[in-house]
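Student: Now for the letters of each chain:
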Amino acid sequence: MTMATEAGKSVHSDYILLAGAVTLATLGMAMVFISSTVMAQSQYQDPYFFVKRQGLYFLVGLAAMFMGQGVDYHLYKRGVYYFLLLSLIGLVLVFVPGIGAKVRGAARWVKLGPLTLQPSEFTKLAIVIFMAYSLARKQEKMKYFAIGFLPHLLVAGVFICLVGLEPDFGAALTLGAITFIMLFVGGTRLTYIILAVSGGGFMAVVMVLRDPKKFSRVLSFLDPWKYGQDVGYQLRQSLQAIGSGGLWGLGPGNSRAKLFYLPDAHTDFILSVFSEEMGFLGVFLVMALFAVLVYRGIILGLRAPDAFGSYLALGLTLLIGLQAVINMGVVSGILPTKGLSLPFLSYGGSSLLANLLAVGILLNISKQVRKPGL
Amino acid sequence: MSVKISKWARVRVVLVGLGLLVGALVVCGRFLQLQLVQGEELRERAEQEVWKSFPVQPVRGTILDCKGMELAVSTGVQSVVAHPPHITNPGYLSRELAPILGMEAEELMKTLTRARPFVYVQRHLTPEKEEAFRAWQARQEERRRKKLAGGKRSDEEWIYLLPEGRRLYPQQSLAGVVLGFCNIDEHGIEGLEHQFDTYLYGRGKKVVKLVDAQRRIVINEEKAWDPEVMGHNLVLSLDHTIQYIAEKELERGVSRWQAAGGMVLVGRPRTGEILAMAQYPFIDPNHYQEYREDQRRNRIITDAMEPGSTFKVFIAAAALDAHVVKPTDRFHCENGVYHLGGKEVIHDCHPYGVLTVQQIIQKSSNIGAAKIAGKLGGARLDYYLRAFGFGSPTGILFPGESAGFLKNFQKVRSPLDRATCAFGQGVSVTPLQLWMALSAIGNRGILMEPRLVKEVVDANGRKVKEYPPRVKRRVLSEATASQMLAIMEMVTREGGTARGMAPPGFTAAGKTGTAQKLVGRAYSHNKFNSLFMGLTPAQGPVLAILVIIDEPKGAVYGGVVAAPIFREIAAQTLRVLGYYPENPNPPVLANLSALPAQVGRQAEEGEVKEKKGDAGCKPEGAGNRGSLLQGESLQVEAAVGTAEHKTGGQWSMIKGEMKVMPDLRGLTIREALDVLHRAGLRCHFEGSGRAVAQEPVPGQPLGRGGYCAVRFEAQR
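Protein chains in written order, with this note's numbering: chain A, 1 to 374; chain B, 1 to 716.
Chain B extracted, bound-state conformation:
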């Protein structure tokens, strides 16, 4: 038994060992081939299988007002989605989830059995439902664990939450009609949301994730905050405070007159910047489905209407600019009934005799305006109205702008058409066009482009696109514009149609309008639009405001219905912008000799100005004016002694040669020195602190190289 194996058996043992060696070498060679020769190719095949690309939802950009207040934002929200082909037991799932999602089981069943690879079960869950769904998922997980179902992906895993973006308008209805709204996929379908959708929407991208064989994500390279997928932000010229003022006053006016609706447009005439754009009834873009189509539309831009008597302003401006009439030229107003040949008759509300051009505007005489238009002639009428921008779109970046309608007055032979046009019948303009034309008068005769969006910035705050104020064209000479302001100021003065409607402490240049609404093809006798458009302060205006009240009841006249709304909005807005009324007392033209008696009051005034500085309301007018100058290269004269100059910003911005003695009161020595240096005046200073008295008095005409003495007092 203990005999060793034979020699041949030993040879065979060695043979077996060699056989195993050969096997090992073959296997080793095979691994070499697989890993070193084919390695790259096989790895690529494997990577294709395990790294799957997933879409990353874009994040829509924010819409901000000029102060950085968020008007439209996007937030994350969860939606329930499912993959019906992978669900083996939809009936069970439907019964389970129906109460959680607040849906009918049959309805859910239908969704889960649809022949699609991917379905939305319910979009944009409320937080309560999301929580309930997550709790359900946790329960299912627990149950699965007990069953030990293993590596296979169960039904429950094919219905899950998918993060999406949801548009929210935190200010609710504020500027709703301007912002517009988005559909459920966060694409803008109305308003600025639609116009700037390509900027706002953001760019979705793909992110590769390592998935296991059940398509569960193992490694996720998605970032929580990724500027690459975020859309750009929109910075508007709107100011939420002014927008609020406009909407509040508009609503109050509409309810006061039980009107059908109304519109307000507030902005800066110098730059064409729109500060507030309100339309009543308001819409809340969070619930845009609840509004009719015509309520969702921004009719200030999209709808044209007859401007009524407000149009007389532009006729008069044209006639003045063409030197056809002078402000003091007289027209006979036919005592209220003007037979224009044949059957056509023009009426005035109140019969007037002879009126000057100025009075025609002040009292709003149709007959007078018609006569001015007649004197102007068709060609020039047509030229000026089109120069004001009527009949063509303003080019505002907003969807669906209307061009309005203007007859070709060069070709129209009928004098009646010219005549009715003079008081705003037979033409149609959008409120925006009207406001732009008004602003042109307030902007020394230069028509600007409307500016609703200031700039587009990306998620990191870098500027993507800028929309600076832009000049369209000069419509009127500066002198005409200034004359028109003076004439329009009379409207708010004693004897005007909007008497006392200037904001308290300020002057205003405006024009009332009462337009009969067209019902079918005829003018209605009881449906009117009451209009008021105004610039304030009357000289060097910083605000242009248009108020339209649709179908007021009880009163219809623009001066009664619309003008008080203008006054309220103007008064509040001026304060918001940092403009304060002048001292109600007439300006003190202090002489150095009379100083002792005056010192107290002067100091008080200085204090008031100081407070203004403290409040941080740095008037922006000066800066805007600067950019305007670049566009038109106008020399700004220091309109000394006017409201504009006192309220309108920093002295250092005033360029050019002084023509009259500036008001130095309230300035520091350095500031006063700077101003006087520019004016080319030699000076003598006394004391320190702030200027309290000066010689010569403000407003006195100056020649170059004059002499001036100023007294300074330390503040109390």
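Extracted from the complex, chain A is given alone in its bound form:
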């Protein structure tokens, strides 16, 4: 650890990564503005209600990013269990009346004075750090079931269950996916993973079949036009919005979906509004920016000075890239509807804060890569 820091500090952090992240976050501000003003005016008599808050978190997030860039990532190893404990407390607090805030039947928020935080977003960070720490430590022993697989499954399982209880299936799914992918990269036997995933898949099918609400959600995903008036309404609106955009889009500000037609237009479905106004070219730009982030992240995973750095870089990249792909899939109707935000772009302070912090950590890893020029 000391060797790495002393001997081969790269001269600069990854500016391309930084530029990509800041561009995405700035674009996100514009998109929140575009998609939320009508709703904010109607609901809060202040068209800038969401923009102001998002702007505040953006500034805090930038600070967090620079902090993350400055703090040696090896320090996180020491705090890994504290992070897990804090996340656990946060995830429990959301259920405590008076502290937890319930919106539309989902207890996902913790009130801290005027601010509300979403512990699940920070839980993702904590899990990624924990996994990276654990994988890096166990290395060769990963192939053993009792050492390499079970403990991670148990620890992650607790958090996934807590998040699922809120309920926040989107976050639970992302957490699960990241855990398994990191286990896979860390060297766990593929058999265990396949068994666990198919077992989880079977349970998911059973749950879906037993719960009519989720069942109808799957149905609506399969045929949004047939169920377009009720369960498939949101997806139908999203598809209409995306399709209306065409190649060039309707132009900034001309979205119709945001006139209360599309629910969650400024959060989970913000990309629909964006693609309606900016067209395929706009969507392509967003995808390209994410691709840049993911590419730099994967490169970082390969070149990090040590195993912890590699796993950490991979986990954080997944946190951003995987979630973005899933969100885009949901919005365009190739994955079933889940409450899952689009990193950097969707309205949501905790998510933005967590993602910018993740970028900051990635930047710090990049600073410690020995080879110049990456």
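You may find that some hints are simply not true.
[Stated by the list, open to error] Facing chain A, from chain B, some residues (calculated, C-beta under 8 Å):
1. Val-3
2. Val-13
3. Ala-24
4. Leu-34
5. Glu-41
6. Gln-214
7. Ile-217
8. Val-218
9. Ile-219
10. Val-464
11. Ile-669
These are calculated hints, taken from the structure and not from any lab test.
A quick note: this is a predicted structure, and the numbers were derived from the prediction, not measured.
Ideal Cβ positions, reconstructed from N, Cα and C, are used throughout, including at glycine.
Given chain A's structure and the hints, the job is docking chain B onto it.
Tutor: Frame of chain A; chain B shown alone:
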């Protein structure tokens, strides 16, 4: 700890990256498919959802008089409407709104819970209520803001104001019965409003508006002034000033004689144009519900009545035209009692001995008229009366016209029927028919079509449809018509039944009538209609007026009751139309030799004429005559020296050959030259300014190629 990850782990990292790449490519492909392949289809689906078409209320056209005065207009007014299926708490709304709308809460509750998608809560709010409602809406908005109710549309938004049109008659009862009225949906249900509803109503259209998911309008493409939805305007021949005169005098006459009602019809005989049509009691179409059905009806057109003695005119005209009698033919009037074989007896009010045809009309002898009818014979009687337009609708563009009733005198054998018909019993005519027939006499024997509507113009002022004066047929020869005018003039002269009833300064040709009203199947002995119909001036009339007073008390004779009303209306109307009495002194037939003594007075007269010009009352008679000529291709002779020629317009309009020396006084050199040139006269002018003297004197017969000298003087 600082060991790097293994080779296989690196491979797996790359695999993860590739996995993400595959995911990204799939998503990218999906967006390509949605936006470029299915884009059009999806956009159409979306547009169907967000662009909703809304109806735009048509705006009803205006009704104008011939001077452009608005008689019926539409204004915007607000109505409260609601969508009951969306209202979750009607009880609360009812309690809130009941005092604002001045309704009972229960009643309001009933409206708001009706099983309809759309209801009118209250239509055509008064401005006070509209203001109160808007204030209530503002209060609700404030309350909602505090509650932060969010994007959902609340109850209050499902009850709102809807703009509608409301018909207003700014002149109130003026010509009310002619205009008719509209129901609350602005559809004409009576009068001209009904007749021309398709023109007036306008065309509603649909306008697409961008709405949000709560059906609130975001983009509104409705225009504040849209000629596309506006109905056409109706221009009437009525003149509001003359209509006012007619109504005022009618009302005065009715109250003077404590009558049950009355009617007046004023118009131009030459064109069949109606200038005023009044019926008492008046109705105010703004409050049409307050009147009985028979008061709302325009009885001048819809109801037939017995014409009484006025009918004698048409019998006499027929007999003259058929050359059965001459004006000077004498009839023995049996000293007031005429046994018509059997039991039937005809009486005269006053017993007369031998009367000429002219005197029979002048004194209104029933027996004389009956004898003329007898001499005329059934076939010709029938022919002429139908030619005058009796027994068939006049074709006026007005709902519910009655045809009146005329027996088939060709087939009727009974001499009594012919005889009673001669003084207007056993026939029924509408006042309009009577007026049209009267006008035919005043129009050189030509029956016109009635003209109440001049034209229909659209909102941009373009002509949509025109109703020019139209000739129906020739009824009498010109000579007969002229003879009849002379005979009828005697009615207003000394010894006539309407002595002194010509408007001051003018002559008038008329006929009185006193018709017993039919009560059941018998004639009433105390209920009469007093009639007077008249043309003025007697030669070349410009006005035809019919006055009917229903059940006058105290006096019943047309000459006493109706004729004074005629005189008042005629006198005032002539002035409105720009006709002024001739100099009360006999016309000065100035000789050039006698000039010095005359100059002063002549100049004065010139000044009077100048004033007339200044007042801007350009007589319209000439123009109308022009259009008439096209219809009938008559040669108008310059009726020189008559009232018509002096008052009746521009010289340049007079065509054809002069027969007598025209009156040049008051003309400029250019005008005089023009007139004399037409007359084919050589001339000698002296001085400048306006003509003050001439040789030969006006009215002197001329041959073509005569010689004339005129003296002009500058005006003082």
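Student: Does each hint hold? Answer for all of them.
Tutor: Checked hints:
The closest approach between the C-beta of Val-3 of chain B and any C-beta of chain A is roughly 6 Å, which is under the 8 Å cut-off, so the hint is satisfied. The interface hint given for Val-13 of chain B holds, since its Cβ lies 5 Å from the closest Cβ of chain A, which is under the 8 Å cut-off. A hinted interface residue such as Ala-24 of chain B counts as satisfied when its beta carbon comes closer than 8 Å to some beta carbon of chain A; here the least separation is about 6 Å, so the hint holds. For the restraint placing Leu-34 of chain B at the interface with chain A, the shortest Cβ-Cβ distance is roughly 5 Å, inside the 8 Å limit, so the hint holds.
About 7 Å separates the beta-carbon of Glu-41 of chain B from the nearest beta-carbon of chain A, less than 8 Å, and the hint is met. For Gln-214 of chain B, the interface hint holds, since its Cβ comes within 8 Å of a Cβ in chain A; the closest pair sits about 6 Å apart. Checking Ile-217 of chain B against chain A by beta carbon gives a least distance of about 11 Å; that is not within 8 Å, so the hint is violated. Because the closest C-beta pair between Val-218 of chain B and chain A is about 6 Å apart, less than 8 Å, the hint holds.
Checking Ile-219 of chain B against chain A: minimum C-beta separation of about 10 Å lies over 8 Å; hint violated. Taking 8 Å as the C-beta cut-off, the interface hint given for Val-464 of chain B is violated, the closest approach to chain A being about 41 Å. Using the Cβ-Cβ criterion of 8 Å, the hint placing Ile-669 of chain B at the interface with chain A is not satisfied: the shortest such distance is roughly 76 Å.
When held up to the earlier numbered hints, the structure conflicts with 7, 9, 10 and 11 and fits the remainder.
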